Every structure is written in structure tokens, then in C-alpha cells.
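For reference, each letter of the sequence shown is one residue, going 1 to 1273 in my numbering.
Since the hints were made in silico from the structure, they are not lab data.
One or more of the hints may lead you astray.
[Unchecked claim] Capping the alpha-carbon separation at 35 Å, the derived lysine-lysine pairs in DSBU-like fashion look like this: (1) K436 / K591; (2) K491 / K404; (3) K455 / K236; (4) K594 / K359; (5) K262 / K314; (6) K404 / K359; (7) K436 / K236; (8) K933 / K1042; (9) K973 / K944; (10) K444 / K359; (11) K386 / K455; (12) K236 / K159; (13) K62 / K221.
Every value quoted in this text rests on a predicted model; they were computed, and no experiment measured them.
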Amino acid sequence: MAVREPAAGLPGPGRDEEAALLFERAHYRHDPRWLLPVPPRLCLACALELLPEPSVSLVRKKHVLSGFRDALMRHASLVMQLVAQDQRVGIHFINMLFGLLCSVEDGSITDLCIEVLIQLTTQLKLEQTIHCLLYECHKELCNMPSMRGSLATLTLLGKLVDAIPALADKLVMEHSDLMEHLLRGLVYPSEGVQAAVCYLYGKLYSSPVAAEMLLGHFREKLCPLFLSTMDGAQTKELKINCLGLLRQLLKYDLFVSMIMNKSALGESTESVEGPPGETSLPLVLKKLLLSRDETLQVASAHCITAVLVHSPAKHAPAFIHADIPEFLFEHLSSSSEVLVLSSYNCLILLAEEPLFFSKCHTVYGIESVVRSLQGILRMNNTELHKQGLLLFAQILTRQPEEIKLFTSSAMCRDAGRALQEAVNSPVLEVAAEAVKAISAFLRKDHQSALPVLYKELQALLKAMLSRCADFSQTPLNWRPLGHASSRDSEKTVLRRGRFLLSTLEGFRNACRLAVEFQSEPSAQENPFTAPSAEKEDTLEAFSEFLLSACDSLCIPMVMRYSEQATHPALMEVFLSVLHSLFVIVPHMKEKFSKKLAASSFIQLILELKARFCRGLSHSALNQVCSSFLYHMCINLLSAPEKTGPPSQEELSAVSELLQHGLPQISSRSPESLAFLSDCQSVEGATRQKQYCILLLFYLAYIHEDRFISEAELFVAVRSFLLSLQDQGECPPLVVFRASIYLLAICQDKDCVLDEAVVGAIRKLLEGISDLHLVYTHHPLLLRLFLLYPELMSRFGHRVLELWFSWEESICEELDDVASAGQPTLPASLAALFHVLRSSPSTLLILLDLIYSSPVDTARKVLIVLRTFLRRNEDVQVGGLIRGHFLLILQHLLVEHGSSPSEASGNLPLLLSLLSLVQLRNESEQELDSMAMKLLHQVSKLCGKCSPTDTDILQPSFNFLYWSLHQTTLGSQKRAAAVLLSSTALIELLEKILALTWAEEGSPRTQLLSSAWLLTASFSAQQHDGNLQVHQTLSVELDQVLKALSFPKKKAALLSAAILRFLRTALQQSFSSALIALLPSGAQPPPAPEDTVLAPLGTSQVLSLVIGLQNLLVQKDPLLSHACVGCLEALLDYLHARSPDVALHVASQPWNRFLLFTLLDAGENSFLRAEILRLMTLFVRFRSSSILSREEVGHVLQGAALADLSTLSSTTLQALRGFFLQVQSMGLLADHSMAQTLQASLEGLSPRASKAQPPLQDMICLGGAAVSLAHIRD
């Protein structure tokens, strides 16, 4: 090495420190190129002379080594440049350091030497340097008489191989005899040496090549020695290095087998005198698990895991016999996440061995697992969550049913709540593991601890389903650009499918649990619930929850997912869930089936079968689809909505048909239609399959799932029926019902069936005992039967009877509803009305139904007919109905002439219809011979009734009354003559009128009202036409006056009818040949002044006036018109007999109060017909105290300013009468105003004078016929 001049002093603060790094007495000779140019100012030449110098203290040597190490760490490249200047220098420096390493016993110096040697070797990367160092190590170990001083060398070799892994192969191949020295070190009584040997072995066995070469060495020599060393290790260092070596060995299956075989040998000799030193690995690792050092516990668990991953079935029994699971379960309560995770991994592998369960380790550890889950779920460690849930799921899944896992319901509740918390995790992988664990948790043997906590199970299932729903609703990231995002979206769909499948499997297990508990009486409800408490925690409530959850969550999720992808396994589980719900909630299976059918599930199943189940593929899915479809169809057919329930025999036949046919159906809809249309010779299984297809289409259509084109299905069904006819077959009733229903539904409105099809239908129908067996309630089916004469003539009566038997709510809604402003008719009625318009002869069938059907059905027919007649006034069917009714009536009178009330109970309904037909006739229409015959027959019918036959008499009186008032004057006279000739009718009227004053046994007010109105009409017609009277009708006048003076409450119509009668009598001056007015018992002789008023007395007149005033105050429009008319007739009668009395009555002060009471209804309230007529009456009799001249002027002025065009004809007539009366009395003060009013009235006079009572004047009040014109005019 070159010599230089003596170095100048080293100025600066680090002078003393850097001086210590130099060898002062030799440094001046060294070339500056060996000096490090940056601090620390280290001279390589000084280090080479100083370190081997015996006179230099170890402290200074240690300082130099430390400085060199620091320089290597800080300035590795500069130091390497110094060393690499001369290769010989580098080799010399390494030899010198190795010599120092072997010569000193100070551990800190040896550590520094090893560290510097490793850094130099790895940095220089010189093969010669490495070879040199290995050679020195080998030589040192070989020359060493004992292993006492081998620690440093062994440590250097271990760290060197660790730094340069390729040296392991070189060391084994080129220095193989070194292994013998390592074995010597392993038995040397120094755990430091043993630890170094184990460390070196671990690095050697980390190389697969070296491990293979050392296989024999391990088998023959190292294995027992190593196990013994590990078993006896006391220091942590040795234990850790042993575990490190073990971890390397356990990577290879062959070494695992050798170690475990040696362990098995050790275990087998434990009970006898065996060779010393034989040690079992499970027991060694168990000892480490029991240590209080967490690092050793984790390492031990890792080693157990490393063994088990090779073959759990082969190696797990040894660990289980060593009670390893017991201690692993104990470690689950540790606060160390690493230790808990390691324990989880071990237990997961041990759980693959049945012995793990049969030794009852799970029963011992399940509580630890649950508590551990509760704890780790509060941590933010996803891997820990996943492994914990995986272990729990493994235990729940593999636990034998005969060994009860949960010994109390409290433990079961804790487990369920932990799973509920886990499934709500925002991390999908954790939630997925939780769902699998929930699926395994829902097993009968896991839930058998009483009481069964159904509410907890509901909460758990709800959380699982909600988590799945949330995941399924997250939007997909579909992007049009690139394929990466599309692939990501496809992966998301797959993940959703897997998660949904796991969720459905869990829900299926819950359903299976509910089914299994149905046979367990003790599981029906909580036996500890108080008798008075509300029983929510029951199997019944849980079953209903399952149905509700499936309906609201499972079905929508599956339907939403099926829009993106369809997986057979998922659909198989889904359909098995739906199938199980039929068993779980049997009382809801029909309703649930109907909802499924209405939600297109028949179409869904058929599409699934067509897509996946052709041939023999997906046989499990085909079986599930067929089974579910079978039970749904049976449920639908057992509780039909639009047809009668099938007999048990019919249901059994259909059941057998579906069981054999459904598994064979796997074709798409067009193929099924073509198969159904096959007109060739069809026999056996082929025909059965056609029946099945037809039934499926029928059930789909009847629940509004029309996935088949109507036109195509119509053609197919038509061909099917013709095929049946050609082969002379008679299909099962349910199949024939389906055929004619589909034919009716799918038939185009403009399409007409050919005679062949109609003939085939008729022939098949004639072979059936009753039409209800094949009837399905639908308007289009009704149309089919009524459209074709061949079907209507034979089956029209029965099909209409069936149709009305099914109609309930519609008929109720139509009852008593006026025709004007009615909403659109329902489809069923619209179809019937269309047929009635196109074929009025159908009305005759309806008339027969009214007469011959039960009362409820007849009433429905009447309501429908009444609605039809009101809505279709242009349809002239009156003659048809009246002619048919006349025949019915004649037949009835012949059979039941003595007592008509004993005839058909539907007679009142027929009479009501007759009244309605009469009401539809236009006024001023002559009564023809048919009408006269009906009048005669109805009057004859009435004469044979008693006053108590109200149901017959009320519609009969309505018909007679309307017939009298809705025709011309000539016809009225003829009709009255016919009716007056019926003495029985007149006698009946007399009896009914007498019942008006009866306290008990009085008929309904409506019948009394009709009787009084009829009597008034008869009296007027007889008097005006001077008709012959065959029987007089007696009436007690005093009772009439009393009834008006003290009227009954809520009997306005009756009062109006009596007033109409009294008005008629007054107009005739009580001189009617028909009416005989009788006194009520013994009467005192009349006063002289009453003689002129006879048969009335003054007191009676005044009482009657007061009664009329009281009735007017009620302000009932009909009653007001009747009161004013009667008052007019009374004043006319009094004026003719005694003008003074008439004037006295008209001038009563109470009349003014009455008038103003009637006028308080608002502005222009006088413009009402009854008030105008009343004021006209007061003006006529010059009652100025009642209505003064000024007030008359105000009334006329108000009328002149009003819009008269808005007034009714009745009001205009009354106003014109008032104006003319005022004008005739000379009370017009303002002539200009009078002229204006007169001009307005003259402009409207044609309307007022020619106005006829409109059709709506003929009304029905509470069931009684009333002509407003008759009451008013």
C-alpha cells in the first residue's frame, strides 16, 4: 500500500471522533485514496492495520467497526469504491473480519463483524469473495473440536444465506459434510447454538432444491432431533427459530408426512416404554399454544394451519386428539387480532374433520365463537370478519343433527343478533359470508331450544333480505366506451347473482324450518307466554311473515335480477321457496297462487322450461318448475274466481293430468300453439300434453296474463275443438271449460265462428249434464252463447241464469240510479246490453228469468233490464215485453186466480218492469188493444189481492196510474171505463183508503198514496166523462179533513195524495157518482149558516185552512203545489156557496205571515209557481191586507227585471196568470213597467201556453208513481 506524507491536523468539531477511526502511527503512510471523502473520515488502510493489532483495545476496534458499518449504511457506493479499488484488499478485509469474528468472544463485536461482513459480501457481489467466506466458515467448523465457539460462524452462515438465498443450494451441494456439524450443534447444550443451527436449517430448507437434497438427511437424522429440540426449548429465540424451521418444512407435503408420522409414532409409544426423545408435533405445538407469549401462540397456530392445509382429513385427527381445538377456542377471546385470525384459520381446517364434531369440541367452543364474533364485528378488520363468519358457517353446517349445538334460547338469540349485525356490514364480502352463516343457522336442530325465538328469526331474515335488496338496487356502471367497464358491470351482475342465491338459500332454509316445526306441538308458540298476552312470537306469525317477506322482497328482487341475467340454480331455489310457502301458509295458498298467476308466473315458468329444460338438461330445475306449476294450477283450480269449484273427482283427474303432462312441456309459445293446432290423429300422451297446454293458457288468461297472441290462440283452440269432434273425443270438463273460455276471449269482435265450430261446441255441451260445469263468468263468454242462435236457443236461458248468479256488486251499484249522468257501464253489462240491442228476443229470456228464478236472481235481472231500458230509450221493446208479460199474467191468473199472492214471488218484480215499460211510453199516445188487455188483467189481479199484498199492489197501482195519465184524453176515458168496471178493484181501494186512519195494520205510506191518487183519478175521469159506475167507493169526509188538519210526520206524499183527492171532490162540489162521502158516526145537526156549505161546516173549513197553511210552511215542493191547488178549489167552492165566507178565509191575517214565511228564501224567491199561484189567489179575492197594491207593484217590477227565459213552463204559466189577474183587477200602477212585463210574457207566451208536462213529470217517489202535473194542475 502506497505511503504518503504525514497528514495535517484534522480541524473541525468532529476531530477527536474521527481521529479515533484512524491508526495514528500508520495513517501517515497511507495513500489518500483509501480515505473516505465524506464524514465519517474513515481510512480503509487504517482499519486493515488496526483491527488485527493485538495492542488495540476491543473498545476501539468496536468503534472502528461501528464507524465502518455506519459509512456502509450512509455512503455504500463510496465505501464500495474504496474496497473495489483492489480485489485483493477486499478479500483481505473479509478474511481479517472473519478472523476477528472467530477470535473475539464479545457478542457486540461479533454482531458488528457479522453485519459488516454481510453488507460487504452482498454489496461487492463477487463470486470469489462469497466462495472465500464460505470456505473459511466451513474450515472453521471442521477444525473446531467442539461446538462451543461455533455460534458466531453458524450465525454468520444463517444470515449470509438469508441475504443471498442462492447460497443455500451451493452450501448443500459443495459443503454437504457441513450438515453433520449442524447436527452436532443441534445436540450441543447451548440454546444459542441450537437457535443458530435452526435458523440456518430454516434458510436452507427455504430453497426447494436444497430441501429436496436434504430430504434423506431430514428423514434419517434431523427429524427426531429437531422435534426433541423444539419440545425442550426454553428460550424464546430457540422456540422462534424452531418454529421458523418448522414453517419452512411444512411447505412440503413430504416433510409434513414425515413429521406427522413421527408424531403418530411418538403418540403410540406414550403409553408404553418407548424410545427416548420421540416427540409428537401436536403436543409440542399445544405447549406453545399454552404459553403466555402471543408471538409463539400465533406462530404455533400458523404451523398447525400449515400442516392441515396439506390434508385436513389425514392430519386433523392428531391435533383433535391432542385437544388443540379446546385451546384455539380459548384464544378467540384474545384482544389480538392476529391471534384470533390465526385461531380462526386453524379451526376452519379442523372443522373439515368429522372427529372435530363427534368429540364435541363445537359444543364446548360455540359460545366462544359467538362472543368472538360479537367482539370482532366492532373492529375494522374485514379479513377477520370474513374468517370468523366462515368458521361459524362451517360449524353450523357440519354439526351433526344428533348433537345439539345451542343448549339455550339465549345463546341462540346471541348468535342470531351477531349474524344480524354481520349481514348489515357495508363490506359485501363480509355480508356474503354472513348470509351463508345465516343459511346454516336456520336449521331445526339449531333452533330447537325452547322457546323458539320467532321474532328474533324474523328480524334476522328481514336484515338479510334488506341487505340483499340494497345491493341489488345499486346502479350498474354501464358505459358505451371501452370494454373494461362492461366487464366490470358483468362481474357486478354475477356478484349480485351469487349474493341473491345465498340469500334465497337462507330464506329457503327458513321456510323448511317453518314446515318442520308444523309437526312439533311444542314449537307452535312460546310456552312461557302469559295466556292474556298477545301471542306474536308464534309459528303462525312467523309463517305469515315469510309469505309477506317473499311477496314484498324476494319476488321483486328475483324479477329485477332476471331482467339482467337468468341462472338455473337461482331460479331453482326461488321456485322451491314459492312452493314451500303453499305448505307453510295453507290458508293463503289460493290467494297467493292467484297473485302469482296475475304477475305472469305461468309465462315465467314456461319460458324457464323452454330455455333450460329441453331434453334431459337441468332435470332438477325441470322437476322444481313442474312441481311448482302443478301446485299453483291445483290451487287456482280449487278456488276459482269466475267459475264454480270443481268436484273432488274432477280435481283428481286434473291432478293426474298435470302430474304426467307438465314435466313433458318444454317448448316455446309458438311451438306450443303449433302443437295445440295439430289436427292429425292425436292419441294418448300427446292429447294429454295438449290438455295441459290448454289449461296453462286458460289459467294465464283468466288471471290477465295474456302472453300469447289472441288471434293465434283463437286459431289453435278452434283447430283443437275440431280435432276433438273429428275423433269423437269428449275432453275432461275443465279442459272443455278452458277451450270455450279461450275461444270467447280471443274471438275478434268482427269475426264470426263458422258453423262447424259452433256445431262442435253445441255437441260437446249437449253431452254435459249442466252448463255450470263448464261455465266461466266473463262478458265475452256470454256474448258467445247469445250471439249464435244455435247456442242461444238451447243454452241461452241457463247461461243468463249463471251470468246473473255471478253478478253481485254491479247490480247493487245500478239499483235505484237515475239514467242521466251515469258513469260508463262495466264491461260485463256493456256486452249484455250490446246483445240486447242486437237481439231484442233475448229480453224474453230475461222476462222468464224474472218470473221463474229465485228472488235474488230475479231482482238482479230486473235491475239490469231497468238500466237497459233507461239507457236505450230508442230501442222499441215495449210491445215485446208487454205481450210476453200478458201471457205470463194470464197463466198466473188461471193457476192462482183465488190467491195471486201464493204465485211466484217474483210477480212484483215483473209488475215493476211493466210499470217501467209503461213509463217509457210517450205522452199523448193512444192505448192499443194490448195495453187495454193489460189494464184489464192487472185490475183483475188487484181485485183478487188483499190490502196486505203490498208487493203486488204497489207496482200494479203504479202501472194503472201511469196508464191513466200518460195517454190521450180519449184513451184516458176508455182506460177509466175498463178500470171502473172492476168492482173488486173499487172495493179494494175502499178498504185500503179506510186503512189510512187505522192505528195498526196500516200498509206502507206509498201504497196509501197510490190508492188516494188512483181514487182521485177515477173520480175525475168518471165525473168528466159521465162514466157508468158499477160500484161506489165510500170515504169518511171527517177523517179526510182530520188527516189534513193533523198530518202524519214524514208523510208528505200521502198528504199530497189526500189533498189531490179533496181538491177533486171540491172541484166536483162533492157530487161524484163514484165517491160516497160518509159521516163519521153520529153528527149534531148543522148550524143554519153551515147549511149552505154542506157537507162542510164553517169550523171544518177554518180547520182545513189552518192545516193547509201548516203544510205550506213545510216548503216541500210537491206538497206546496198540492196545498195551493186544494186552497184554490176550496175558495172556489166557498165563493160559489158563500162569497162572504170565501172572502173571510182569503183575508185571514195569518195568510200574510204565511206568504212572507214562504218568501224568505232569497232574492226573487216569489218566482216560484206555488207562490205566484198563492199571490194570484189573494189578488183575486182582493185581500189587500194580505198583499197590498204597493207590494203587487214590487212583485211585478222584480218580475220585469228578472231573466224570464230561465224559468220553467210551470212558473211562466203561474206568472202569466198572476199578471192577468192583477191586470183584470186594475192594480197596475206603473203602466210602462206593466207594458215591459207584458211584452216579455207575450214573447214567452207560446212556450207558456203550449208547454206540455215534460216526461220527467212522471216520477217514482219511494216506489209510488206520481204525475207532477196531476198534483199541480
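Hints violated by the structure (listed by number, smallest first): 2, 3, 4, 7, 8 and 13
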